[in-house]
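Asker: Chains as they are written, first to last, in my numbering: chain E, 1 to 304; chain C, 1001 to 1320.
Rather than coming from a laboratory, the hints here were simulated on the basis of the structure.
Don't take each hint at face value.
Stated by the list, open to error - Taking lysine-lysine pairs in the DSSO-like style, the calculated list, with each CA pair at most 27 Å apart, reads:
{"no.": "1", "chain 1": "C", "residue 1": "Lys1037", "chain 2": "E", "residue 2": "Lys131"}
{"no.": "2", "chain 1": "E", "residue 1": "Lys214", "chain 2": "C", "residue 2": "Lys1131"}
{"no.": "3", "chain 1": "C", "residue 1": "Lys1037", "chain 2": "E", "residue 2": "Lys157"}
{"no.": "4", "chain 1": "C", "residue 1": "Lys1037", "chain 2": "E", "residue 2": "Lys35"}
{"no.": "5", "chain 1": "C", "residue 1": "Lys1129", "chain 2": "E", "residue 2": "Lys35"}
Unchecked claim - Beta-carbon label-pair distances, calculated as ranges:
{"no.": "6", "chain 1": "E", "residue 1": "Pro222", "chain 2": "C", "residue 2": "Gly1082", "range": "51 to 57 Å"}
{"no.": "7", "chain 1": "E", "residue 1": "Tyr139", "chain 2": "C", "residue 2": "Glu1181", "range": "43 to 49 Å"}
{"no.": "8", "chain 1": "C", "residue 1": "Arg1127", "chain 2": "E", "residue 2": "Pro282", "range": "34 to 40 Å"}
What the hints assert, rightly or not - From chain E, some residues computed to sit far from chain C (all C-beta separations above 12 Å):
{"no.": "9", "residue": "Phe104"}
{"no.": "10", "residue": "Tyr122"}
{"no.": "11", "residue": "Val151"}
{"no.": "12", "residue": "Ile175"}
{"no.": "13", "residue": "Gly177"}
Glycine is no exception: its CB is placed at the ideal position from the N, C-alpha and C atoms.
The primary structure of each chain is shown beneath.
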Amino acid sequence: MTTALTDLRPELHGPEQLDGTLQTKIRRTRREGFKVNWWMTALMLVASLTIMVPLYFTISMALKSPEQAASGTGFAWPADPQWQNFSQAFVLTNYPAAFMSTAFITVLSVLGALAASSMVAYAIVRNWDRKFFRLSYIYLLSAMFVPFPVVILPLIKQTAMFGLDNPLGVAFIHIVGGISFNSLLFIAFLRSVPIELEEAARLDGASTWQTFRKVIFPLLAPLSATVGIFAFLGSWNDFLLPQMLIADPALQTLPVVQQLFQGQFNTNYSLAFASYLMALAPTLLVYLFAQRWIMSGVMRGAVK
Amino acid sequence: MTAPADVRAPALSPNDDTEGKKVTTPAVPARLRAHRKVDPTYYWMIIPVLVLFALFSTVPAVIGGFFSFTNYAGYGDWKMVGLRNFQNIFTDPEILASYAFTFFFAIVATVAVNVVALLLALGLNSRIKWKTGIRGIYFIPMVLSGLIIAYVFNYLFSNTVPTIAESLGITPLATSILANEQWAWAAIVFVTVWQAAPGATIIYLAGLQSISPDVTEAASLDGAGAWRQVRSISLPLIAGYVVINIILGFKGYLGTYEIIVALTGGGPGTATQSVAMRIFSGFAGGDYSYQMANAIIFFIITLIISLLQLQVLRRREVSL
């Protein structure tokens, strides 16, 4: 679901704004001592089962013996947890290869997205009086009207021609695909950055590149976090591009591997679910450990 | 790539241009500006990106557009055939059915996702205990791969639900909904909601948090109950966010792909085949030029929708 995620990034406004409202809210809550709505709490907890049950189901299925998995509804906790399901799926799907391929694509996509779109945004904002940069801006914007299905068929041919029918090519297309939107976010943010900040650096003899590197890029950090989180989730979970572009199955990413092995999982459901769980685990773990940070980045993207 | 297509809309408005100038003007006095030499570094920052962008986005679109007027199969020889591909598409029942399904699905999914997200946002924004933890649970689907989640639900729909239904004696549900030509779409909508609702919820939460507590306070002092506050204050004040969510969502659901792949594969028969799936089949099916023509039609339709949505955004004066 790359799309749903990347969709959520309306224009950014200062992070202070969110923190400000949050702080007032916390103060207010303490002062007035809001009464907890227990009915609503109970309702929300019960409704959260719609999220938790499929996750529990995945875990319990992954630990069952093939015989137990094939019988009943699948909700029962495994009678005798079969940890070797994981090692079997690990070997069968060549998990390390798929993991490395996915990680490679993701790291390149995130770094590339941050570098490319922040530089483009800086160049455009600081040279807005020049026709060339204004036209570049319009060009990048208008290209976003072209839906992905329109370019995919020629793109497959083209990447194969350039020898980019591999993870590198996928990272490339992820970066190119995100440039319009990400630059737009950075441009909106940079317009609110006063030029005086840079002038001090300029007076000290810093070049344009040094100014960008030492003054501007650090200023963009909160927005970079938001852009980075979406680039990370978008490219880690992407199915369409790697499936279409990567020619060698041995270089496929985690989601695509799940699809490639459907035939071999066939009726061995516990093996299939062990494989699903291992493919879901990386982002799930990142979310568990960096939840606060991710949520604040995502909220920053949504707050206007 | 498809997704963010709409968001730039407000930035195209003339206000933004002046805003940009306002910021830049103090930097260089107008007299000097005309003669100012642009530091070549700026060109180095933007030109490589523009070249890549043209190469991997504009060039394929143009080449694809060209081949839609040929009979190219994806390999071998080809010749120009004029508008024949386009004419054939309009009389191809399978393609027309895929458009009907895609639009039906996108509308239903947009409504379902937004209703669920709105309810979730209201619930998560109310005075519940363990707010952070409960929010944390609801946002888990955002970080998970849609394809794998759909595989998990595939098992639930085709094995677990029928088994439970059978033991309870509910015969209509005893066979897999995914194998039901009439209702398979409902399963796809369900998984789409599961996956997409958190994203929309975040936007609604941002909207609800932007409502000043003073307003709700005043309302409750005037004796407005919880429901009344929601209906008369929260909903009208976040109407702009509803528009944003509908626009962003609808476009995304038009291109739905991986959830369908993992749930039904477009079946049973071709009952749940989306336009995107048909276009992607262009290589395997050996009808590259035909599906390119299909893609061009899809592009024109989405372009018209985008422009209409832009109008709505302008009229409502919603800024993203």
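Asker: Does each hint fit the structure? Answer for all of them.
Answerer: Here's how the hints hold up against the structure:
For the proposed pair C:Lys1037 and E:Lys131, the alpha carbon gap of about 13 Å is at most 27 Å, so the pair holds. Distance hint between E:Lys214 and C:Lys1131 is unfulfilled; the C-alpha atoms sit about 39 Å from each other, more than 27 Å. A threshold of 27 Å between alpha carbons decides the hint, and for C:Lys1037 with E:Lys157 the separation of about 41 Å lies outside it, so the pair is violated. Annotation: proposed proximity of C:Lys1037 to E:Lys35 is violated, straight-line Cα distance about 63 Å (limit 27 Å).
For the given pair, C:Lys1129 sits about 10 Å from E:Lys35 by alpha-carbon distance, which is consistent with the 27 Å threshold. About 54 Å separates the C-beta atoms of E:Pro222 and C:Gly1082, a value consistent with the hinted range of 51 to 57 Å. Between E:Tyr139 and C:Glu1181 the beta carbon distance is about 45 Å. The supplied range of 43 to 49 Å therefore holds. A hinted range of 34 to 40 Å for the beta carbons of C:Arg1127 and E:Pro282 is consistent with their spacing of about 35 Å.
No Cβ of chain C comes within 12 Å of the Cβ of E:Phe104; the nearest lies about 17 Å off, and the non-interface call holds. Residue-level check failed: E:Tyr122 sits 7 Å from the nearest beta carbon of chain C, not beyond 12 Å. The claim that E:Val151 lies off the interface is violated: its Cβ sits roughly 4 Å from the closest Cβ of chain C, which falls inside the 12 Å cut-off. A cut-off of 12 Å between C-beta atoms contradicts the statement that E:Ile175 is not in contact with chain C; the least separation is 8 Å.
With a closest Cβ-Cβ approach of about 4 Å to chain C, E:Gly177 is found to fall inside the 12 Å limit, against its non-interface label.
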